[in-house]
Structure formats: structure tokens, C-alpha cells
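Taken in sequence, the protein lines are chains A, B and C. Using full-length UniProt numbering, the letters of the first sequence map in sequence onto residues 1 to 178. Using full-length UniProt numbering, the letters of the second sequence map in sequence onto residues 1 to 152. Using full-length UniProt numbering, the letters of the third sequence map in sequence onto residues 1 to 180.
Honestly, I wouldn't trust all of these hints.
DSBU-like mimics (lysine-lysine), calculated; alpha carbons at most 35 Å apart, straight line [stated by the list, open to error]:
#1 K26/B <-> K9/C
#2 K118/C <-> K26/B
#3 K92/B <-> K32/A
#4 K9/C <-> K109/C
#5 K113/A <-> K134/A
#6 K167/A <-> K159/C
#7 K34/C <-> K9/C
#8 K92/B <-> K105/A
#9 K101/C <-> K138/C
#10 K32/A <-> K26/B
#11 K96/A <-> K113/A
#12 K167/A <-> K134/A
#13 K136/B <-> K32/A
#14 K39/A <-> K138/C
#15 K167/A <-> K155/A
#16 K126/B <-> K36/A
#17 K155/A <-> K96/A
#18 K105/A <-> K159/C
#19 K138/C <-> K92/B
#20 K159/C <-> K32/A
#21 K151/B <-> K138/C
#22 K126/B <-> K101/C
#23 K146/B <-> K36/A
#24 K39/A <-> K25/B
#25 K97/A <-> K113/A
#26 K97/A <-> K39/A
Covered, in the sense of this in silico footprint (three residues per stretch, anywhere, with C-beta under 8 Å from a C-beta of chain C), are these stretches of chain A [claimed, not checked]:
#27 3 to 12
#28 42 to 54
#29 62 to 71
#30 135 to 149
#31 165 to 178
Just so you know, these hints were derived from the structure itself, not from any lab. Just so you know, these numbers come straight off a predicted model, no measurement behind them. All C-beta atoms in this analysis are idealised placements derived from N, C-alpha and C, irrespective of residue type, glycine included.
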Amino acid sequence: MSASRRVQQWLTFTRQWWLFDAKWQDPFESAKVINKHLKGAHKPIFGGHADCGDHVVVINSQDIAMRGDEWYYRVYFHHTGYPGGATWTKAWELHKKDPTMIIWKACYRDLEKDLTRRGRMQRLHIFKDSNIPKDIIQNITDQIPQLRTVPKRLKDYSQEEIEKFPKLFDYPKEHVLD
Amino acid sequence: MVNLTRVMLWRRPSVRPRTVDPFWKKRQIFKLSSHFYGRARNCWSIAIRRVQRALMYVAAGRKIRKQHMQDVWDQRIRSGCQELGYLPEGEKTMLEGLARSNVLLNRQTLGNLAVLEPRTFEALNKIARVRANEEKIARYLGPFPKGILGKL
Amino acid sequence: MSQLSLFVKSGFVKAPLANGIGRYVPQCQRMTLKFCLGWGNSRGVRDFIQHDLIEFVKQNPGTVMYLKPRRHRSPVLVAEYLNGGREWFSLNDMTREEVYKWVDLYRTKAGYPDMHFKNYQHSDIPSIQGYWTPFTNKPADRNMLEFPQNSLNTPLNLKPSTSEIISKLYGEPQEQRSSR
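Turn these sequences into a full structure, and let the hints steer you where they fit.
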């Protein structure tokens, strides 16, 4: 292979580094998008025959969101291999122990169960907050858009914005506000 | 050791003897099992079963290969579309939009164009985007391409 | 795919080697249209001859066109080429447009039958515009941005929220609403 062809090969298969902000995101829906980038399925060169996967840096994993009381009924199972070694950990407990674990497991579970799985997981870097080591943040080339907007609380709006919002109805006179 | 290679490769005479020699019938099967591991290579009762199973896999693979290739092309078109952002729904809108614009390219060609000729693919993508806008093909559409007046 | 086929021939790419005499000229030398004057399956060929043939021949002076009416046979195109090749093609029950298309195709052929090439087809430069790279369609401002960037967090395919719809529908000053 000539020098120019070799460079062309390197250029096409350059590893990209993507950033994903997990704040207020569903970890299981996010895992699908993250895995798409880990596999390289977002590139037209993807064909299953070449390793074209990218790195993904996930930040704010401690601020992920789950629906309803899913924190209480989603249970993670582990077995040490010894008799009586089974443990069941609720999602909120696991998240308290390690805030990166839920999104890691969601991605691990969603990937194909073959020899590529561990290598792809090595390219996933999860951080519980937005403090990223310098040697990682300097690699980042682009950002994955979030799946849904981060909701705003009422106190985040300015007084002017609140007053500008149209008033749809008036409370009846006998209605008592606390 | 007796070297039988010459004997085995000996070309059979064009006029066959009328007798049915099972050796030659088995040799047809052993030719197919020559690359198997273990006794499935040389023992008849194992080899015939393994060869029959292998031929069944081959027959199934003919269908699977076609489906796999279509999946790969669809995937390439989809990722090309989503990267450009005009057609977030991917290959479905693109193929429909191009077909309605009388651009008769198949999945294989478009998938190859996405990799090999990205500028052509982008132009085709814009055509499909404009057509999708006119005929309401897709539910979600990306931004309207710049430099296009909006009519085909 | 499989190189063995019952119907499609297989072979190798060839070029007519006659010290370059036959190069840069149309390879199709002679075409014969055989058709019946009465039967309906020659209808398209007769229409083609009536309407398109003169124009076609004027446009392609390198190809000689023979017409051979024959009674009670189906219509046929026979094309003969510079390399000695001869192609036979049935025009049975075709419309005028289809006949035009096929005749034009056989005019542009090289004289070798359709075949599956046994040798490996390969191009040293498969891409004219340059291969796709991750930077082909990436906006250039990504080089200058500091990450994380809040503006890039906006979800794709975002539908307007209920608050936005309400603001749009009833987003009038409060005084006007109360005065109504």
C-alpha cells in the first residue's frame, strides 16, 4: 500500500470522540444512541467487517432520569458463584454506590453478545459529573444531541417570563390558595 | 505408506463400466468433506451426515447473504442521511423521495455512493429532501438545504 | 455470487485485437429487423419502422439497418458486430417504445454476449470525489468549540412543547385579554 493510500485509510477510519450529556436522560434509551456510536453504525462505512467504532464520553451520569418509581422496582442481580451468593440490588441503591454503573450496564446489555463487546465497552468513558480529565476532554471532536430537553423548574424562569406567559383561566372566587 | 494421490486423481474413462461401484459415489461426498475436522473427513457414516448438514447450511446461507447485503446497504444509506441531517428518518424517505423524483437508483448503488462519492450522495439527498417536502413523505424532516429554491 | 449458472455464460474480458483497426468506430455494423406484416406480435416493430426508423438511421449512419418482412413469424432483431459477434433478440409483443429501447441498446453493445466475468473486477481508484471520512460532512466550527457545549445538546426532531403551543396560540398581552 502506497503512502497516500495508507493515509487515506487512516483518515477514513479515524476514531472520533463524542460527548454525551446524560443529564435528565433515560439511560436505556441513551444506551441505544451511545452504542450506535460505539459500534460505528452512524458512519456510511459501517458494514460489520471492519472496526470503525468511536469513543463516547458520557458526563453527568449521576443526573440520569427514570420513569415513575422505576428506581424502586428495577433490580440488578449479581451472583458471586458461591452458595447463597446471590444479591439483588435496587436501582437507587446501585446508583448510590456507583453513579456510573447503571448507564454502563445499560450499554453493556444492549451491545451484541460477541467478541466485539468488551472492546467496544473499553471505548465508553463515563463520568458522574462534568469534571472530565484533561487528557480525555482534549480528544473530543463532537457532541451527541440529547434525546429530550432538560426540564426547567419554575424557579429557573425569570419573573418577566412568568408574567409574559398567557393566563388561561381565572380561579373562582371561592378557590383557596395555600 | 502408499501414495494414492495419482490413483485418486486419475481421470475416469468417458465410457463408464455398467457396474455401480459405490467407491465413486462415496468419493463425491468425501470430496466435499475433505476440509472437515476429525473423523467427519474420512469415515463414511459420519461424513455423509455432516456433508448433508453442511449443504443445508449453504442453501440457507444463500437467502441470508442477500438479506445481509440489503441490511448493510440500508444501514449505509441511513447513516449517510442522518449525518447530513436533511432526512432524519433515513433510507425509507430517501428511497421514496428519489423514486418519486424519477431517480432510479437501487440500494446497492446508493450505499456505494454514500461511501465512495459523498458529494453525489449529498446532492441526491437534497433532491429527496425537496421531494419529501413537496409530497409530505416523511413525518420528520431536517432543515431545508441551502441554495435550493424549493421546487423540483 | 456463484460463478456457475445454467443460463448466463461465463468468460473473460476481451478486446478485438486487429492492430487497433476497429477502434473508435461503432461496433455494431449491421442490424436486421425481421417481422411479419400481418400478425399482431409484430405491431410494435411495424410502428417503430413507420415512425422512428428513418430518424434512427439518420442519427446512426455507422450501422446498416435491414428490414426483412416474412410471413407468419414472430419479430426478431439480429445484430452483427465488428468482432464477428452476432446477437439474436426476440421483439415479440413489444410496444414501439420498448422496441426503440432494445434496438438502441443492441446498437451500443460491443458484440460479446452478456456474461459473468470470471476474473476479479477491480478498480485502483474507486472514488473520484474522495472516500467518505468523518470530517467530510462535519461542520468546521467543531474545531473551535469548547466542550461540553450546551447549544449542541438540543434534541433532534423536537416537537414543540405544550407551553410553546400555548404561548403561540394565546401569546397576547394580558391587558388586551382582560379588556375583552
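Taking the hints in turn, this is what the structure says about them:
1. K26/B <-> K9/C: 30 Å, holds
2. K118/C <-> K26/B: 30 Å, holds
3. K92/B <-> K32/A: Given that 35 Å is the threshold and the Cα spacing comes to 20 Å, the pair holds.
4. K9/C <-> K109/C: 16 Å, holds
5. K113/A <-> K134/A: Distance of about 32 Å is within 35 Å: holds.
6. K167/A <-> K159/C: 23 Å, holds
7. K34/C <-> K9/C: 26 Å, holds
8. K92/B <-> K105/A: 32 Å, holds
9. K101/C <-> K138/C: 43 Å, violated
10. K32/A <-> K26/B: 52 Å, violated
11. K96/A <-> K113/A: Distance ~28 Å between K96/A and K113/A Cα, so the pair holds.
12. K167/A <-> K134/A: Distance ~48 Å between K167/A and K134/A Cα, so the pair is violated.
13. K136/B <-> K32/A: Roughly 28 Å between the alpha carbons, so the hint for K136/B and K32/A holds.
14. K39/A <-> K138/C: 19 Å, holds
15. K167/A <-> K155/A: At roughly 18 Å apart (the allowed maximum being 35 Å), K155/A and K167/A satisfy the hint.
16. K126/B <-> K36/A: 24 Å, holds
17. K155/A <-> K96/A: This hinted pair holds, its Cα atoms lying about 27 Å apart.
18. K105/A <-> K159/C: 30 Å, holds
19. K138/C <-> K92/B: 23 Å, holds
20. K159/C <-> K32/A: 21 Å, holds
21. K151/B <-> K138/C: 27 Å, holds
22. K126/B <-> K101/C: 30 Å, holds
23. K146/B <-> K36/A: 28 Å, holds
24. K39/A <-> K25/B: 48 Å, violated
25. K97/A <-> K113/A: 26 Å, holds
26. K97/A <-> K39/A: 29 Å, holds
27. 3 to 12: holds (count 3)
28. 42 to 54: Per the Cβ count (3), the hint holds.
29. 62 to 71: violated (count 0)
30. 135 to 149: Holds: 10 residues of the stretch 135 to 149 of chain A have a Cβ under 8 Å from chain C.
31. 165 to 178: holds (count 4)
When each numbered hint is compared with the structure, violations occur for hints 9, 10, 12, 24 and 29.
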